[in-house]
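Student: Reconstruct the complex from the two isolated chains, following the hints.
As you go down the protein sequences, you meet chains A and P in turn.
Everything in the first sequence is counted per this note's numbering, starting at 1 for the first residue and increasing by one.
Everything in the second sequence is counted per this note's numbering, starting at 113 for the first residue and increasing by one.
For the record, the hints were derived by calculation from the structure and aren't laboratory data.
Worth double-checking, as some hints may not be accurate.
[Stated by the list, open to error] Rough simulated footprint, nothing fancy, chain A against chain P, three-plus residues with beta-carbon under 8 Å:
(1) 145-157
(2) 160-173
(3) 222-230
[As the list claims (entries may be wrong)] Residues from chain A shown here face chain P by an in silico Cβ test under 8 Å; the list is partial:
(4) 43
(5) 44
(6) 46
(7) 89
(8) 99
(9) 100
(10) 102
(11) 103
(12) 104
(13) 105
[What the hints assert, rightly or not] Computed Cβ-Cβ distance ranges for the label pairs, DEER-style:
(14) A/46 - P/139: 29 to 37 Å
(15) P/139 - A/18: 40 to 48 Å
(16) P/126 - A/18: 46 to 54 Å
(17) P/208 - A/96: 46 to 54 Å
These numbers come from a predicted model, not from an experiment.
Ideal Cβ placement from N, Cα and C applies to all residues, glycine included.
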Amino acid sequence: GNSVTQMEGPVTLSEEAFLTINCTYTATGYPSLFWYVQYPGEGLQLLLKATKADDKGSNKGFEATYRKETTSFHLEKGSVQVSDSAVYFCALISSGNNRLAFGKGNQVVVIP
Amino acid sequence: GAGVSQSPRYKVAKRGQDVALRCDPISGHVSLFWYQQALGQGPEFLTYFQNEAQLDKSGLPSDRFFAERPEGSVSTLKIQRTQQEDSAVYLCASSLGSGGRGSTYEQYFGPGTRLTVT
Numbered sequence: 001g002n003s004v005t006q007m008e009g010p011v012t013l014s015e016e017a018f019l020t021i022n023c024t025y026t027a028t029g030y031p032s033l034f035w036y037v038q039y040p041g042e043g044l045q046l047l048l049k050a051t052k053a054d055d056k057g058s059n060k061g062f063e064a065t066y067r068k069e070t071t072s073f074h075l076e077k078g079s080v081q082v083s084d085s086a087v088y089f090c091a092l093i094s095s096g097n098n099r100l101a102f103g104k105g106n107q108v109v110v111i112p
Numbered sequence: 113g114a115g116v117s118q119s120p121r122y123k124v125a126k127r128g129q130d131v132a133l134r135c136d137p138i139s140g141h142v143s144l145f146w147y148q149q150a151l152g153q154g155p156e157f158l159t160y161f162q163n164e165a166q167l168d169k170s171g172l173p174s175d176r177f178f179a180e181r182p183e184g185s186v187s188t189l190k191i192q193r194t195q196q197e198d199s200a201v202y203l204c205a206s207s208l209g210s211g212g213r214g215s216t217y218e219q220y221f222g223p224g225t226r227l228t229v230t
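Isolated chain P, as found in the complex (with noise of 0.2 Å):
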């Protein structure tokens, strides 16, 4: 079946442009993460969602920064006024459950959105 789907695979845009970046989970996982990977560095977490509710948004970087999953499905991560700091890799991921502990479910990833700021 289909896995995690991003898109755009590649945006560039000029410091100050809003961009919008799309993440499809796995059909009927409960879980959709975002991370941000710097290069040369391992994935950082952003947010996480269980279903439509935003439960954790503590790695969101700063107030320019938003995601919304308003039907509990696809995703968008939305970053505003964009900094060249915010060049990265945005990695999406799904699971299939939620819970405390997080073991159980395996995060599966998308192959990410390359954001280069210029």
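Isolated chain A (complex conformation) (with noise of 0.2 Å):
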């Protein structure tokens, strides 16, 4: 079946450094690959995707690379912000399908 594993433990990290969250994952066929992210007291957002192999998704300064061969899809940021705070989630969806499947999620703080 689909699953994604993400890195175990919170984050917290210092306000401009450098952001890295490990996410990989088991799917059948090519599946689509997202990052949403939980803002506190809010809802889901989709924060990037890539849908094929080698695409990367970007969007506010985060990036991450749908690598096939390592079934990676890593977020980072180069410099964070106190806003980045948030739970942040590795998610799929696989051909012929229309659930998502998501990871654990990490909690990220930012401290100034």
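Tutor: Listed below in structure tokens is the structure:
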């Protein structure tokens, strides 16, 4: 079946630091990959997506590249801000399917 | 325009009670999804509607869970004889279109209903 694995534990870092959140997946066929973000007190929002191998999704300074050879979709941002503090979820939709499969999420806390 | 709305935002139920959770999708959105999010976990798929047709209910955890969307817009998720393990946030999402791949159509999420069963 389809599954998404995110690195364990919350991430705490200082403002302007480099952020990486790892995400690997298992899926049949050729999935589409997503990062969703949940800011405090708000609903899930799509941050970025990639629909085929080697595609790079980007938004708000965040980037992630669809790596089929390593089945990964790691999220990166070069210089985080306090306003980036949120929970980040990696997710996929596999071919022939509409449902999103999510990872467990990572809480990111950015300290001024 | 208005996003996806859900009501109530919070619900406390005694074990054994029935509950009904409502979702108002974005107007004109064909597809509607329900997800369950346990504390500290990612959302898990429950069921999917395309207009009024429930095309996938494979994620419903038991026959105590029932969902409907009779006119292809508002949807209700009903849980009968609630148990403590049903405590979670229930998320509704809608998307403009449908299709096997699904990648073209972003799913827009509501704020969720936090259900606590005591």
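Student: With reference to the structure, classify each hint as holding or not holding.
Tutor: Hint check results:
1. 145-157: It holds, with 8 qualifying residues against the three required.
2. 160-173: Answer holds; 3 residues pass the 8 Å Cβ test.
3. 222-230: Per the Cβ count (3), the hint holds.
4. 43: Status holds, d = 5 Å.
5. 44: holds (4 Å)
6. 46: holds (5 Å)
7. 89: Constraint on residue 89 of chain A satisfied, holds at 5 Å.
8. 99: holds (4 Å)
9. 100: holds (6 Å)
10. 102: holds (3 Å)
11. 103: Result: holds, 5 Å to nearest chain P Cβ.
12. 104: Holds, because the Cβ-Cβ distance from residue 104 of chain A to chain P comes to roughly 5 Å (cut-off 8 Å).
13. 105: Result: holds, 5 Å to nearest chain P Cβ.
14. A/46 - P/139: 29 to 37 Å: Cβ of residue 46 of chain A to Cβ of residue 139 of chain P: about 19 Å, so the range 29 to 37 Å is violated.
15. P/139 - A/18: 40 to 48 Å: About 41 Å separates the Cβ atoms of residue 139 of chain P and residue 18 of chain A, which means 40 to 48 Å holds.
16. P/126 - A/18: 46 to 54 Å: holds (49 Å)
17. P/208 - A/96: 46 to 54 Å: violated (19 Å)
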